[in-house]
Amino acid sequence: EAGVAQSPRYKIIEKRQSVAFWCNPISGHATLYWYQQILGQGPKLLIQFQNNGVVDDSQLPKDRFSAERLKGVDSTLKIQPAKLEDSAVYLCASSVDRVGTEAFFGQGTRLTVV
Amino acid sequence: AQKITQTQPGMFVQEKEAVTLDCTYDTSDQSYGLFWYKQPSSGEMIFLIYQGSYDEQNATEGRYSLNFQKARKSANLVISASQLGDSAMYFCAMGGKRSQGNLIFGKGTKLSVKP
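These protein sequences, in sequence, are chains A and B. For the first sequence, position 74 matches number 74 in the numbering used here, and the numbering has no gaps at all. For the second sequence, position 29 matches number 29 in the numbering used here, and the numbering has no gaps at all.
Keep in mind the hints are simulated off the structure, nothing from the lab. Keep in mind that a hint or two might mislead.
[Stated by the list, open to error] PhoX-like cross-link-like pairs, simulated, lysine-lysine; straight-line CA separation at most 25 angstroms:
{"no.": "1", "chain 1": "A", "residue 1": "K11", "chain 2": "A", "residue 2": "K78"}
{"no.": "2", "chain 1": "A", "residue 1": "K83", "chain 2": "B", "residue 2": "K107"}
{"no.": "3", "chain 1": "B", "residue 1": "K3", "chain 2": "A", "residue 2": "K62"}
{"no.": "4", "chain 1": "B", "residue 1": "K107", "chain 2": "A", "residue 2": "K44"}
{"no.": "5", "chain 1": "B", "residue 1": "K3", "chain 2": "A", "residue 2": "K44"}
{"no.": "6", "chain 1": "B", "residue 1": "K110", "chain 2": "A", "residue 2": "K44"}
{"no.": "7", "chain 1": "B", "residue 1": "K3", "chain 2": "B", "residue 2": "K110"}
{"no.": "8", "chain 1": "B", "residue 1": "K107", "chain 2": "B", "residue 2": "K70"}
{"no.": "9", "chain 1": "A", "residue 1": "K78", "chain 2": "A", "residue 2": "K62"}
{"no.": "10", "chain 1": "A", "residue 1": "K83", "chain 2": "A", "residue 2": "K62"}
{"no.": "11", "chain 1": "B", "residue 1": "K73", "chain 2": "B", "residue 2": "K3"}
{"no.": "12", "chain 1": "A", "residue 1": "K78", "chain 2": "A", "residue 2": "K44"}
{"no.": "13", "chain 1": "A", "residue 1": "K15", "chain 2": "A", "residue 2": "K78"}
{"no.": "14", "chain 1": "A", "residue 1": "K44", "chain 2": "A", "residue 2": "K83"}
{"no.": "15", "chain 1": "A", "residue 1": "K44", "chain 2": "A", "residue 2": "K15"}
{"no.": "16", "chain 1": "B", "residue 1": "K110", "chain 2": "B", "residue 2": "K16"}
{"no.": "17", "chain 1": "B", "residue 1": "K73", "chain 2": "A", "residue 2": "K44"}
{"no.": "18", "chain 1": "A", "residue 1": "K44", "chain 2": "A", "residue 2": "K11"}
[Claimed, not checked] For each label pair, taking beta carbons as the anchor points, the in silico distance ranges come out as:
{"no.": "19", "chain 1": "A", "residue 1": "Q59", "chain 2": "B", "residue 2": "E15", "range": "33 to 43 angstroms"}
{"no.": "20", "chain 1": "A", "residue 1": "A5", "chain 2": "B", "residue 2": "G52", "range": "28 to 38 angstroms"}
{"no.": "21", "chain 1": "A", "residue 1": "E14", "chain 2": "B", "residue 2": "Y54", "range": "46 to 56 angstroms"}
{"no.": "22", "chain 1": "A", "residue 1": "P81", "chain 2": "B", "residue 2": "P9", "range": "30 to 40 angstroms"}
{"no.": "23", "chain 1": "B", "residue 1": "A81", "chain 2": "A", "residue 2": "Q41", "range": "22 to 32 angstroms"}
{"no.": "24", "chain 1": "B", "residue 1": "A71", "chain 2": "A", "residue 2": "S58", "range": "22 to 32 angstroms"}
{"no.": "25", "chain 1": "A", "residue 1": "K83", "chain 2": "B", "residue 2": "A71", "range": "42 to 52 angstroms"}
{"no.": "26", "chain 1": "B", "residue 1": "S31", "chain 2": "A", "residue 2": "S27", "range": "22 to 32 angstroms"}
Just so you know, even glycine gets a beta-carbon here, dropped at the ideal spot from N, CA and C.
So here's chain A without its partners, still in its complex pose (with noise of 0.2 angstroms):
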């Protein structure tokens, strides 16, 4: 089973630049999620899809993030325009969203902001 897919896994942009990261998820889950960790802290959710709509994005600074899962299957984060606290991993997972079943997890993009 193909797991969670994710690109670009490093970016650099410099302050004030725009980024967008991709994300398949595995075939099937109709949940997608995208996490923020920032160095030394564990992720902090950004923003859940179920199919092609949001379920949850109270932590998604809206301001400059966006989100879309066009087709309810892949996603895409923006980060318009970037500044430097912006600098983390960003993973994307998924999920069947039964009781008892995890969350797979990609192995992330690492946004490095100069």
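Since the structure of chain A is provided, determine the placement of chain B on it from the hints.
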């Protein structure tokens, strides 16, 4: 609000010995799930073990077991017979308010296994 606390920033263990990683949680929900994930230096989050709040028996998965004490709101991870490959960050997480994957993570514990 839900919260996960991991009080051990770093732990050392001798190869082949057992180690316990602490996790306490806070929630007002009656139904929730507790997860442990391993994060090697390569960055991916690897699921280790799950405990549901209504499960009466402690969860076990191979060398991993979860010491679940509901009254004390603790969910400690026990790794038996540590291996060098167990060196990694370990995160305790709680899910369930919205879905099993909508997780609140602790800050993690860095485990180092000594040969």
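Hints, one by one, checked against the model:
1. A:K11 / A:K78: Holds, because 13 angstroms separates the two Cα atoms, which is no more than 25 angstroms.
2. A:K83 / B:K107: It holds: about 23 angstroms lies between the C-alpha atoms, which stays within 25 angstroms.
3. B:K3 / A:K62: 24 angstroms, holds
4. B:K107 / A:K44: Roughly 10 angstroms between the alpha carbons, so the hint for K107 (chain B) and K44 (chain A) holds.
5. B:K3 / A:K44: Judged against 25 angstroms, a Cα distance of about 12 angstroms means the pair holds.
6. B:K110 / A:K44: 18 angstroms, holds
7. B:K3 / B:K110: Measuring from Cα to Cα gives roughly 19 angstroms; hence the hint holds.
8. B:K107 / B:K70: 21 angstroms, holds
9. A:K78 / A:K62: OK: K78 (chain A) and K62 (chain A) at ~10 angstroms, within 25 angstroms.
10. A:K83 / A:K62: 14 angstroms, holds
11. B:K73 / B:K3: 11 angstroms, holds
12. A:K78 / A:K44: 16 angstroms, holds
13. A:K15 / A:K78: Status holds; Cα separation ~14 angstroms.
14. A:K44 / A:K83: With a Cα-Cα distance of about 17 angstroms, the restraint between K44 (chain A) and K83 (chain A) holds, given a limit of 25 angstroms.
15. A:K44 / A:K15: 22 angstroms, holds
16. B:K110 / B:K16: 18 angstroms, holds
17. B:K73 / A:K44: Between K73 (chain B) and K44 (chain A) the Cα gap is close to 21 angstroms, so the pair holds against 25 angstroms.
18. A:K44 / A:K11: 20 angstroms, holds
19. A:Q59 / B:E15: 33 to 43 angstroms: 39 angstroms Cβ-Cβ, so the 33 to 43 angstroms window holds.
20. A:A5 / B:G52: 28 to 38 angstroms: 29 angstroms, holds
21. A:E14 / B:Y54: 46 to 56 angstroms: 50 angstroms, holds
22. A:P81 / B:P9: 30 to 40 angstroms: 34 angstroms, holds
23. B:A81 / A:Q41: 22 to 32 angstroms: 30 angstroms, holds
24. B:A71 / A:S58: 22 to 32 angstroms: Holds, at about 30 angstroms.
25. A:K83 / B:A71: 42 to 52 angstroms: With a Cβ separation near 44 angstroms, K83 (chain A) and A71 (chain B) satisfy 42 to 52 angstroms, so the hint holds.
26. B:S31 / A:S27: 22 to 32 angstroms: 29 angstroms, holds
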